[in-house]
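Participant: Chains A and B, in that order, are what the protein sequence lines are.
Under this note's numbering, think of the first position of the first sequence as 1, with each following residue one higher.
Under this note's numbering, think of the first position of the second sequence as 1, with each following residue one higher.
Honestly, the hints are just simulated from the structure, not real lab data.
We put the beta carbon where it would ideally sit given N, CA and C, even for glycine.
Only true hints are included.
Output of the computed footprint for chain B on chain A, the stretches with three or more beta carbons under 8 Å from beta carbons of chain B:
hint: 1; stretch: 27–40
hint: 2; stretch: 279–285
hint: 3; stretch: 291–299
hint: 4; stretch: 303–314
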Amino acid sequence: MSVWLNIALALAVVAVLGWVFRFAGQKATGNNPYFRDMPYAVAFGFALAVVLILAGVWLYFQPAANEQGVPAPSVIFWRWAVHFVAGSAVAAFLFRLAGRHVGTGASRKLFRQMPLTAAFGILVVLIYAVLAIFAAFIAPHGQEQVFAQANVVPGGNPALGGNPEFPLGTDQIGRDILSRLIYGAQNTVGIAFATTVLAFLLGGTLGFLAAVLRGWTDQILSRGVDVLMAIPSLIFSLLLITVASAWVTGTGLTVAMVVIIAVIDSTRVYRLARAVGMNIVVMDYIEAAKLRGEGMGYLIFKEILPNATAPLLAEFGLRFCFVFLTISALSFLGLGIQPPLADWGTMVKDLSAFINYAAFAPQIASAPLLAAGAIALLTVAVNFVVDWMLHRSSGLKE
Amino acid sequence: MSDRATLVEMRGIHMEGRSDETWMPIIKGVDLTLKKGEVLGLIGESGAGKSTLGLAAMGFTRDGVRISQGSVHFDGIDLLAASAEQKRQLLGKRIAYVAQSAAASFNPAHKLIDQHSEAPLAHGVSGKSEAEQDGMELYRKLRLPNPDEIGFRYPHQVSGGQLQRAMTAMAMSCRPDLIIFDEPTTALDVTTQIEVLAAIRNIVEEFDTAAIYITHDLAVVAQMADRIKVLLKGDEVEEAETREMLSNPKEDYTKSLWAVREFQRPAKAAPAVDAVPVVSVQGITAAYGKMDVLKDVSFDIHAGRTVAVVGESGSGKSTTARCITGLLPPRIGVIEFDGKPLPLDYRKRTRDELRQAQMIYQMADTALNPRQRIRDIIGRPVEFYSGLKGRAKRERVDELLEQIELPAAQFGDRLPSELSGGQKQRIGIARALAAEPKFIICDEVTSALDQLVAEGILRLLARLQDELGLSYMFITHDLATVRSIADEVVVMKEGKVVEQGPKAEMFQPPHHPYTDLLLSSVPEMDPDWLTNLLAERGVENIGDAASAQMD
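Chain B extracted, bound-state conformation (with noise of 0.2 Å):
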């Protein structure tokens, strides 16, 4: 590999972004080189710069960022000197980009084929009906269903893996020198995460395509690059070659990063065969509209420990939460708490009823006011349930603060905006835990953090349980969380339970081929593991294919 021709040669770059009438640094002096037909992995947790420093390969910038220093060659033309013209012949052709959220960037008016033949007839690579035909060989190659018509959908007819995949096609249309993935299976289900990795990593080997992939999943990242550069703040920390970088990192930051996977609490003793759950759920349908989405769902939340709903989206998790909560009142069931039935609707339950079960929301962004101070939003619950005011409600509020490790004369009077996300997701635990409840709904909690924020908020979790005996019902896709943090598993699937029972049984075989599939379809961080596991079940056995083979 090291005797290629460079590619992309990015010296000294320094980035800029505006912000509050002034220039703040994105990056700070970063040298990137990626060489023909190599895949450059880059890393690092959000505002990092990854992004931002991948669209600059481009000799690209977001509006209120520039390059203040460096340059960037690419295959030797001057990406910062050339003229618009110059830049807009190669945009496309030689260089193609793929987005985080495939949904956001196809144009939803016209059919996957016509956007994906708009490069090639604006290059003039090749004729509309060429174009097309060519299209579908790729979609054929990226193993999409029905190659030859799928082209004719709208992004809204198509499956979000497909559409990524459709992207990546896309991309391919001129058969560009490099393209730049960003992000681009971090919006999808393990399942499909895996189909869409397959893809991309045989298409690129295929066509000899240079890559930089973008994304702050390391084991995603081993499977995909030939060389990992990890970004910290917009500095480099260190690059290496993959393999290199995963058994041997050499600076503390990167043994963090790959330490976060090691968290794991001890497993606790089974609850007496006799003890009332906290919560019980029994044989609960619930229905949007006339539509089941809840089919006989039952288990069982003892005190003080985590049941953790695992399965891809749409498996009916969320559904769950929300009729317990009394969102969605069932169907047909009971709910139980503490061996007495609770109202189906919410707004038939009694305020204490109310405060016994809180939730924590995935998106913190929305689930926190933006207009009211932290004191206000942990301090109202305070108010509202056990009727606290003035100096001590104040004191309480502090103590809640202390209890999740945010100095309360630092962030008090702060507004949700001026926080962080994993600082956020913090007050909306804070939040739950003011209502002094028994049972807390944890919905996707940690999904939109970084791994090191994300493995942060796992640990204050376990602790606050210790600490209060709570219980959690964990919903999450996944599975290294479920590891982590659960004690008991339940695996949904179309609104179904296909599987339940205690972790240690869960992760050892044999168990549902559903569950088989989940399992196996978390990446790890050996580089081989994609490699070994096509091996292993084949291209047919991975993602939708194998879940449409099941049913």
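Pulled out of the complex, with its shape left as it was, chain A reads as follows (with noise of 0.2 Å):
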């Protein structure tokens, strides 16, 4: 109950610190229009903003061990996230500012308008992209390298059970976690960059059928896709792919799964390609096509497409990352990526004993972590770049 109340009063504060802060302002700038229309939910915005960044601030600066020599795991976390939002921040500038130095007019245009968010998610997609596809040259060991000594802490410190040989140890078997997660890059990422093409070859071309020829057609394929939707897609493809794996294993599984969470997929992509080419088959220039003779092909790939490439690229970074969040889960279900190829998802699952260590030795917990920090990172990049195409594409400027 103390707890509740304890949180109240900081609110209560919060509250009286907002208004308090409003009204100085008021008064030092003489009445300043910002201030004077400021609504209070804002004053009281900032107020909190600032609270927060204290107590931030104050636990950063609190010891990582007590005095028996007993880690703090909070502040130790803290300081890994602090370390973290603050590196990458720097490197997204400095990529920014690169950028705006190198390359041609438009380019350099580009970057200019660019928020740090979006750079710092097309750094993050390049670095993936750079990993996943030289992973055989970077990645110290082979993925199904087995060495001597397993659960090997990360961090390279002898002292807490690390090997500097393995900077972010070895797995329950002995394989070495770096390699891995680099090779997870390829067989993961690459896996679902497939799948989502695939999926969008499907819908987009069925969608943009559907609004073209409407009728029938678009009847036949819409309730079509209303009954796969109608499905939940993760029980579905579960199902899918137990019944495909009476048939075929190994890699073969690898494309059935493939295809499965393609067709999945598509049908969301179908919605959108049908809603978006429903807007554009309405326009004049499609009618001034239509009556100047032109074939379907020409209608589809000359008029429609170039109109819905905004929407569909944005979809397509969204959709990629609903597509390998499912490959992840999928291989944390086991039903995925089979072993021994390295991936994010079984990786996740086949270290997930040692987060119960995260109260007393935050080391032994970031191993499974890691894959899992691969997952979000690339998740929350993807959406940074697709937030920032849609903000370009709807004309929106700030």
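Dock chain to chain to rebuild the complex, using the hints, since each chain is given by itself in its own frame.
Facilitator: This is how it looks when you write it as structure tokens:
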């Protein structure tokens, strides 16, 4: 009960601080319109932000372990988070700065108008792409290579149970986690990418076709898609993959998974492509092309597609994230990418027992978090880029 | 009028808009003074800054626009320095705004009367039932049908002209000192427009409200305003009393605006009796679903002549065009081209039959693919029909751009978004010409354009007709356009042809009462026109009321 009381009291203090802040602002600036017309909610937000930032700084400078040498995990995790965010911001800033001074006029202008989040997203996507493509050259060890030392703690510090040879440690049977993370980029991201492309080819083509032809074609396709969409997608893909596993194994199963997820996800793409296409098909320039006697191929690829790229591209980014998470989820359940291929979802599952150490040994607990972090980072990065692209295509200017 | 107190005083207004990382000037130092009870007309072409200036008179700017210099005083209150709270007290209560599109400005989820009484309630002017009573009173004054009942409808249940009047009533709900009308009749038919104009003028006079009336239509502003201010690209051109301005404009730009309506083609000789018409529409009846929207429509279009099809929206003008192009195959009837019947569905027509009849659209924005360059837009039909490729195609496109008076080197590689409205419409014309047709359907090609630009398009079309011997079917609701370009006129109402004949006959009585109504509803430059018309015909005999009586 006292926890709630404390929270209520703290909020009350913040509320008063917000009022004081606005009042002081009005007095100090001689009733500047900014402070004069400031809604109270905004003042409250300012006060809350300041309080939270101060609390964060206070937590950051707490000792990482008490006098008995027992580590304080909250402080350690908080410091990692702060370091990571600050490092990312600096990297993104430098990347954007570089982009502003290198390249053609158009690309420089692009970087000049780019928010920091988008620069970060692009940087991360680029790094992942390089890692995925050149995994065989970058990874220090093979993904299937088993070493004698199992369960080496990440960090490479022998005093804490690490080994400098395996900077991110080894897993429960002694495979190098760093190498497996890099190969995981190739496997997980590569397969997710292929799946998304397939889903877009399928869904996009059918969606535009439905938009142009209307009538029966549209009805049959749309109702079929409705049926597929009515079944929860993860359960449905689990079911289909289980069925498929009766016939195929190993690589064959992975191919089956790609096709199954692509078909299920193409229903969402179909919906979008159809909706976007419908809005374009009613334009007079489509009517003009039809009256000219143009064929279906020209209509779809020359008249409709160029006008639908912006929403489709944005959807591609989001859909890629969902596909990627679905594959990780399936792998976590043991049905996705099959061992010995490295995969982030499987890695999280295999090492998940170490999460229990988080309360007293953050270094050990970080082993499963590395793969989970790789998934989260890519998802966030792609979303940053997509947000920015949506913002640009909607024509909004700040 | 001159001895009255000043209501709005704007001094040295400079406004800027954010575009492409910099602030671009929109208004460059305009002064505006409005006295109590006075109506000021603001005119100019699109992009002249009329609406921006009108909104600034309320102390309001759209997002991405700022007032960089100058002052706005409303009844002694400095609007630029006023706090948000002070402005809230004024807006809606003492200053009201009537937008161009009433359909987009009403909330479709609430009844008219509820939206009407919102402002009086919020400002504490009156209670709910009082405000509703007052609303009905205003609806009566604005001559809305069933004033006691219409307020309880939703916006989609009343017509466009009625909605615009309901919006005016809403602006009046707190009896403001100032109303800003931003093109309130631009989206309406002539027959509806006249009703709204009469209603607005009546109520503004009755309550002695000051108003700023923004429009690009000179004839309309002549009826409404006491004084007229002409804007050009953010600068004031001149300002004078309405009569003075109409009879004796000082600046060249104003004179050119006034002269627009004088363009008229010489009449052509009537076609030979035995001539085969290029297009002959014979007794077509067409339906959307089960509803017949065209009933037994027949007319001929002869070589080298222009047939104007006029009527208000919903009269079936555009549907007739869709029948001719084959997009909507008629249920009954025949369409002949050069004496030979055309397949009714465009999908069954040969490429050559499609080539012969081209179309130019009203909205050049949606008629040109925004992702294709001008060269490709015009080049495609050239390649498609004549099979020209490479150099020959390029030369043909240059030649077409030459014909529409746009230099190929400058415009060929642009995207449609990099062109002005008039230039886009010219590209639409070039695309139609690229097919080398005999017959072109022009669907309201000038109604989205400013008058000066529209005149340029009309002159271009007339020149092309003389040079290439084209036949036009010219769909329009603007009778000034008909007067300037048509050889023959077809008047349509509710899917039927009510009257047709040579232009000269159409503009002389006696004619069908509907033609008469259409003709008399077109505003003229004479500032007394509306007053005289109302005196002559009576308020009962204009607009919807008159149309209703006719049936």
